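Kindly produce the complete structure, drawing on both the sequences and the hints.
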Amino acid sequence: MSGDNEEVRHKRVFSNGIWIHVAEKGQGPPVLLIHGFPQTWLSWTYQIDCLAGHGFRVIVPDLRGYGDSDSPSDPASYTVFHLVGDLVGLLDHLGLDLVYVVGHDWGATLAWLLCMFRPERVKGLVNLGIPYRPQSQQRPSDLLNDMFGDGLYISQFQEPGRAEKSFAKYDCVTVLKKCLLINAPDPLVAPSGVEIIDSLETPSSLPPWVPEEELQITASKFEKNGFTGPLNYYRAMDLNWELLGAWQGVKIKVPTKLIIGDKDMGVQSFGTLDYVNGEEFKSIVPNIDVVVIDGHHYIHMENAQLVNHEIVSFIKNLDLE
1180 MSGDNEEVRH
1190 KRVFSNGIWI
1200 HVAEKGQGPP
1210 VLLIHGFPQT
1220 WLSWTYQIDC
1230 LAGHGFRVIV
1240 PDLRGYGDSD
1250 SPSDPASYTV
1260 FHLVGDLVGL
1270 LDHLGLDLVY
1280 VVGHDWGATL
1290 AWLLCMFRPE
1300 RVKGLVNLGI
1310 PYRPQSQQRP
1320 SDLLNDMFGD
1330 GLYISQFQEP
1340 GRAEKSFAKY
1350 DCVTVLKKCL
1360 LINAPDPLVA
1370 PSGVEIIDSL
1380 ETPSSLPPWV
1390 PEEELQITAS
1400 KFEKNGFTGP
1410 LNYYRAMDLN
1420 WELLGAWQGV
1430 KIKVPTKLII
1440 GDKDMGVQSF
1450 GTLDYVNGEE
1460 FKSIVPNIDV
1470 VVIDGHHYIH
1480 MENAQLVNHE
1490 IVSFIKNLDL
1500 E
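Going by my numbering, the first residue of the sequence shown is number 1180, and it counts up by one from there.
Wrong hints could be hidden among the right ones.
Unchecked claim - Restricting the straight-line Cα-Cα distance to at most 20 angstroms, the calculated cross-link-like pairs of lysine to aspartate or glutamate (DMTMM-like) are: (1) K1190 to E1393; (2) K1442 to D1473; (3) K1344 to E1374; (4) K1442 to D1453; (5) K1302 to D1468; (6) K1302 to D1271; (7) K1403 to E1391; (8) K1348 to D1377.
Said to hold, decoys possible - Distance windows between CB atoms, simulated: (9) D1441 to E1391: 21 to 29 angstroms; (10) A1255 to G1234: 38 to 46 angstroms; (11) R1191 to E1459: 40 to 48 angstroms; (12) P1251 to W1426: 35 to 43 angstroms; (13) S1492 to G1340: 44 to 52 angstroms; (14) T1353 to P1251: 34 to 42 angstroms.
No wet-lab data here; the hints were simulated from the structure. Given the structure is predicted, the values throughout are model-derived calculations rather than measurements. Glycine included, C-beta positions come from ideal geometry on N, C-alpha and C.
Now the structure itself:
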């Protein structure tokens, strides 16, 4: 297999008015990997090596606000139009008209919208954990607060400075451990008067799928830049809701595989499994294959071998068409 012995290539690209750090490995058909919260390009290590080894060119940016990419302070600079625009600008800079896309968490949300806004740029999509959902009739922050109260992590992330202050009580390695290895009730709601980060257990040890060295490197990026950029994704949710009204009812027709961990937070509280197996989801995303596997939220790390198999087989099948 090609790519196994290659080094990861790094550069910064000026896209959509900011500098984006991007890592690349391998040669062949391009695959764009889009990370989620609170991670960086390094979270895709297992997929980078696998895909490069199978003859693909793997392109892995640090999203706006993360890692070695620029991190504007204003939440209004984190709308989905900014974020998807960053990705389109990156593809334009690299001279790539058509790519495969794999997204996780917030990266999955952006991947859905990339397929909605610019379907001619995406040959196939594999998303992890997050299904596409149509616009709600109610403002997202109000809807979630009505459903779960102020203790829901998304609700607590809305107020500028609140989560940053609570996160600052811990070193960044501890914050990442708490987030990556969540062992909390579903939904992720803190008791009354408690900050969500305080309610999460700190694991005494790391499982094999969380390499200590990579955790330290990722933590060093958050020590340098803080968490405001990543938290701004949540703070722009209501603004996104206002801006996306014109796309209500638009179908996502790109060939897609959705992989969900059966123990992911939200599977029960947000009705994820019922939704993705129902007619509404399949009517909005008609060319969809849903796969449920053993795992929690960070399945691309926890169950990397199976996730890699699902990604590679899906892409290779599309290549044959």
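Q) When the hints from earlier in the document are held up against this structure, which numbers fail? A) The structure breaks hints 12 and 14; every other hint is satisfied.
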